[in-house]
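Mind assembling these two chains? They're in different frames, but the hints should get you there.
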Amino acid sequence: MPNTYEPIATTTVTTASPAVTFSNIPGTYTDLILVVSVRANSTPTSFGTGIRFNGDTGTNYSRTVFYGSGSSAVAFSDTNQTRFFVSSGPTAASTFNLIRLNIMNYSNSVKYKMVLARNDDISDVTSISAASWRSNNAITSITITPFDDNSTGFATGSSFTIYGIKAA
Amino acid sequence: MAVVSIKNKLRRGNLLVGNDPYIPNSYESIATVTVGGTSQASIELTSIPSTYTHLQLRCYLQADRATYGMGEFEMTVNGAGGTNYSRHGIVGYGSVNTGYWGTANAAYIFADRGLGTNTGGTYAGLVIDILDYKNSNKFKTIRGIQGVDFNGSVGGYYGAVNLFSGAYKSTDTISSIKFTSVYGNFTQYSQVALYGIKVA
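Listed in order, the protein sequences are those of chains A and B.
Reading the first sequence from the start, the letters are residues 1 to 168 in the working numbering.
Reading the second sequence from the start, the letters are residues 1 to 200 in the working numbering.
Because the hints were derived from the structure by calculation, they are not lab data.
Take these hints with a grain of salt, some might be off.
[Said to hold, decoys possible] Stretch-level coverage of chain A by chain B, calculated; a stretch enters the list once three of its residues show a Cβ under 8 angstroms from a Cβ in chain B:
no. : region
1   : 73 to 83
2   : 103 to 116
3   : 122 to 132
We put the CB at the ideal spot given by N, CA and C, even for glycine.
Pulled out of the complex, with its shape left as it was, chain B reads as follows (with noise of 0.2 angstroms):
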């Protein structure tokens, strides 16, 4: 059903069949980073502004890996390792489905097949909600979407898909993102986009 809103005059809709477009109330670009003509070993997001109420990240990225179609990246936030991060998910590949899951890592470590290669030819996606990224009564939850496929398998590889969520295990506010490829460097045109979503 689509809603007016007297107080501002506006009329929004749902995405339900028959409604007019979704229009989100505040999606905002705050910073987009893609790697240049020499490959880098991570990606960096600083200065983040606390005016939003949740961001989300939406990734473009390949690692240049000799032999595997796969590659593997990190998160981290606000410079921590320790014990700060947990995470789990599901992950489909080849004919393979199953879980993963850990409870007291350095790093927001993304699924074991989460990154394209240059060898595979592809990049991966991602899509990546943090969710009220500077509450400071909260620990803070990411979740997301991530996949990439390179026409069946790459050095016995194949393409995969994750439905992912995990946690900063900290009331911070998240001020930095940092994201390190583990085998290799980020290649051309990887590209990590930074969008800040406002509630009224």
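Here chain A stands alone, though its shape is the one from the complex (with noise of 0.2 angstroms):
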């Protein structure tokens, strides 16, 4: 049988850049992994990544999130968002923040879409959430936005890669 995991498309930031999208994303497969390591571009007191699918800005996102942060563990839910914000962290100096999305049947056309996720910042937290797109629209592009309190973006190194996986 055919390998059925395929590289899509990557993007490495060379120069600081507020963010990074992914389009004309082939309906051709079952699932999506989007595979991060991010840092902001300056040290900030915060810094998170938020995911939108196909442009989509409405409050149509939510997610259920577990993280544990120094000797805390913490579960909450987030409701009627204007995007997925995954993580929280890094804000450390040369430490960046690994983030791996499983995306759920992303292509088709009649339910919600459901995204695992799983975030490792080695400064600041580890997390597990999942969440949903309520929209039954395939999903054609992923737009990845840093969330920094310096607003100065993704830094060089950067990285974005997405795989499709194919079902028999």
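Okay, structure coming up:
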């Protein structure tokens, strides 16, 4: 049987970037996996990464999160968000945040979309989250945006790769 | 660091920043079951070939359960019941975070909040690894991530996200896997896709 785990596109930031967008994502796979390694271009006191699908800025995103930070474990949920806020951190120098998203059944046009995410930031937090995008539209583009209090964008060396997995 | 195989003249990267995309050496689709227009109580994959090293299940599941946004389901292997399954996990839902465990279960019971429902309007996602599934010297280890979210709470249940592991306490090769919904049936478009991973 053929290999069904294929890289679709990859981007590595060479100059500080305010956002990265993958567009024209083919609808020929079953699931997508997005692997992101990021940090802010400066050293902000807070930093995070947000995901939007198909450029949708409406309040159509929600998430359930479980994370550990220091000696604490915390769970919470967010409703009616304008993006899927994946993670906080990192703020320490030279550390990158590794995010892995499973975007399940992304190309169906009859169901809401479901995302499983794991975020690993050695300087701050490890988390898992489940998110839904309340749209029946097939996902054809993904925009990844930094949120930091200095608004300086993703740092050089931040990388973004999207893979497709096709079921038999 | 990227790795070059002199024997096969293949170049492979890993997931570290700055490397080329990582391409698994072998990740092949074995079989997929998608529920049609009639909901069904279980989803089963049979005649799993023993030509791989590890298995991965990628699932997208919903049950037709009234009132509640959350359902439950179980997994059995090779038709085995008895006390052949154990599990540990951590789960977050609403503002609650906790752990759970079991040592002698009749099925691999996913977290109490493991399934989406048509009442909640969303599907659960799961990615499950079964390691060394054909090794006749080992009990089989199962691990995975699961989550479901439906924009708050429905029927008093919030979305949930789990990290879990467990064991099928048998040295038998795994040749079939069955998912059973505890409350209601699996709805249309629910899907279980099975993949095989080989090592060099």
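A quick look at each hint next to the structure:
| no. | hint | in the structure |
| --- | --- | --- |
| 1 | 73 to 83 | holds (count 7) |
| 2 | 103 to 116 | holds (count 9) |
| 3 | 122 to 132 | holds (count 5) |
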